[in-house]
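Knowing the structure of chain A, use the given hints to seat chain B on it.
Residue numbers (our numbering), protein chains in the order written: chain A, 1 to 126; chain B, 127 to 536.
Derived by calculation from the structure, the hints in this document are not laboratory data. Treat the hints loosely; a few may be bogus.
Said to hold, decoys possible - The list that follows gives simulated cross-link-like pairs (lysine-lysine, DSBU-like), each with its CA atoms no further than 35 Å apart:
1) B:K305 - A:K28
2) B:K229 - B:K485
3) B:K155 - B:K227
4) B:K227 - B:K485
5) A:K28 - B:K485
6) B:K305 - B:K409
7) B:K229 - B:K155
8) A:K28 - B:K315
9) B:K409 - B:K155
Stated by the list, open to error - Simulated coverage check for chain B against chain A, where a stretch passes if three residues somewhere in it have a Cβ under 8 Å from a Cβ of chain A:
10) 233-245
11) 323-332
12) 419-427
13) 464-473
14) 510-516
Since we're looking at a predicted model, the values are computed, not measured. For glycine and all other residues, C-beta sits at the position ideal for the given N, C-alpha and C.
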Amino acid sequence: MLTESARMNSAAEARFRIPAQPTGRNIKVIDLDTATAADVARLADDVPGADLVVMLISAGADADAAATIGRACSEHRVMTHAIVVRAGAVAEQDLSRTLAQLRPWSLMVVVAEGDDYVEDILRSFR
Amino acid sequence: MGRLFRSYWIPALLTEELPENDCPPVRVKLLSERLIAFRDSDGRYGLMDEFCAHRGVSLWFGRNEECGLRCPYHGWKYDVTGQCVDMPNEPEHSAFAKKVKLKSYPLVERGGVLWTYMGPPANQPPIPEYEFANVPSSHSFMSKRTQECNWLQAMEGGIDSSHVSFLHRGDLKTDPLFKGTRANQYNMKDLRPVFEVVESPGGLYIGARRNAENGQYYWRITQWVMPSFTMIPPRGGHPVHGHFWIPIDDENCWTWSYDYHPTRPLTDGEVAAMRDGKGIHVKYVPGTYRPLANKDNDYLMDRVAQREGRTYSGIEGFAMQDASLQESMGPIVDRTKETLVSTDSGIIMARQRLLRAVKALEQSGVVPPGVDLEHQRVRSASVLLPADQPFTDAAREALIAQPGVAPATV
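Bound-form chain A, shown alone (with noise of 0.2 Å):
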């Protein structure tokens, strides 16, 4: 006689699994390459109903604005996570300042050759 978890490890029985739930994740996302000291406002202000918030920026760039943004979203236990994205021949100095900047607060840091990734990242937090 099969054990429970034969019979239910098996492919006939992963047929009957339930669809996921919707979750209504609300993602925010904010681009630190271009965004204004308002955009970074605005996302302070939003990050209350927020459940993640995905940060993006450049190797090298300045990542100041990541800890208005960390500040926010560590009083309301919002996780936040960081994505670099290091195209080209950037030296491992600007990267480091940049991960100097996020790494307080960013629990979760991504550092990609390229933006493709960003999509692939963001589609899979559906």
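Same frame as chain A, now just chain B:
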């Protein structure tokens, strides 16, 4: 994805499975192909179609003798390349035998593993140079086990650092191959590591950082090299370990587990623990490579141990803690039912890396990452670094395999 795997040398058998010349042949199923492996009278290894070209009899029944495998049904005999060398029911000296050849693949020994390459012969890459396979045999230990699910959901567990603090928390303190290191204090003090995923030439670096003293971070950096090799960061002076996941078919895979130390032999105690199923290894159903704890005994679930905190899931041991959950997802997990979060970014990027490599290979014949030997000469690392340093720079030397140099560990 099958074509991607055929770009690489992949582990096929443990050397111990063909222990001597003319030993019994062994059935092997890889990438959904039924094959037979044997070692001939001169010590040459062969891996070929399992079934005799004549009437489709399994050559597992074959007689391994005089430099070939002879089918017992009508005596057709094949050498290690699959070439038919004798066809007794045809006239003597008939040329027809020369026209019969079973599909075959090269099989070479390195590091206690028999590796095969199942792609186009013209594209055959150099033999692998993962460090564990190139140290003296006294420095390494290899095991394999069947896992009853698709390879990818198993591999994703290997690059998902965020589950360790939950699923394996009991064993980090008790397993003889993990416990008692200075670094474990960082794990205890900071239960919420932050993850950083960075593209590497061969795949990804998956970094987990925790707060340490003097404004430093304690980093544990895992290597993932395509398509399915991982190396877990070391703990103290323990051997370094990691995995390959190799498809048997769409719903089953081999989980290969290695432990090695680059600069010293493994101790008798370490090897005994590995053989006893400690660390990332398992105890087996006798005479098989199937884990003793498996779906047919509900993985020897122990709810008392779970309640008392000795294990988090009620399942004993790192390996089956992972495999039991991964198998419960179904033979091929339906990823449309996932709810991914930020800490799954490593998995997301690995999926995309694989898909891109497949597309580039299919459309333009681009050799995928991980074939280049430079991509294989890597190490994982456990290091303390200043808070502002990218680990790819600050730990650059530590992430490369250097003969005679001890691993970077805390």
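Results for each hint:
Under the criterion of a C-alpha separation no larger than 35 Å, the hint pairing K305 (chain B) with K28 (chain A) is inconsistent with the structure, at around 41 Å. Straight-line distance between C-alpha atoms of K229 (chain B) and K485 (chain B) comes to about 26 Å, which keeps the hinted pair within the 35 Å bound. With a CA separation close to 19 Å, the supplied pair K155 (chain B) and K227 (chain B) stays within the 35 Å bound. The suggested pairing of K227 (chain B) with K485 (chain B) holds, with an alpha-carbon distance near 32 Å, which does not exceed 35 Å.
Using a Cα cut-off of 35 Å, the hinted pair K28 (chain A) and K485 (chain B) holds, with the two alpha carbons roughly 31 Å apart. For a cut-off of 35 Å, the pair hint linking K305 (chain B) to K409 (chain B) stands: about 20 Å separates their Cα positions. This hinted pair checks out: K229 (chain B) and K155 (chain B) have alpha carbons roughly 14 Å apart, not beyond 35 Å. Taking the CA atoms of K28 (chain A) and K315 (chain B), the gap is about 31 Å. The hint holds against a cut of 35 Å.
In summary, the hint linking K409 (chain B) to K155 (chain B) is supported, as the alpha carbons are separated by about 22 Å, within the 35 Å threshold. Counting residues of the region 233-245 of chain B whose CB falls under 8 Å from any CB of chain A gives 0; the rule of at least 3 is not met. Coverage of a stretch by a chain is defined here by at least three residues with a beta carbon nearer than 8 Å to that chain's beta carbons; for the region 323-332 of chain B and chain A the count is 3, and the condition holds. With 5 residues bearing a CB less than 8 Å from a CB of chain A, the region 419-427 of chain B meets the requirement of three and the coverage assertion stands.
Under the rule that three or more residues need a Cβ within less than 8 Å of chain A, the assignment of the region 464-473 of chain B holds, with 8 such residues. Beta-carbon proximity to chain A at under 8 Å applies to 4 residues in the region 510-516 of chain B; the threshold of 3 is reached and the given coverage holds.
Of the numbered hints listed earlier, those contradicted by the structure are 1, 10.
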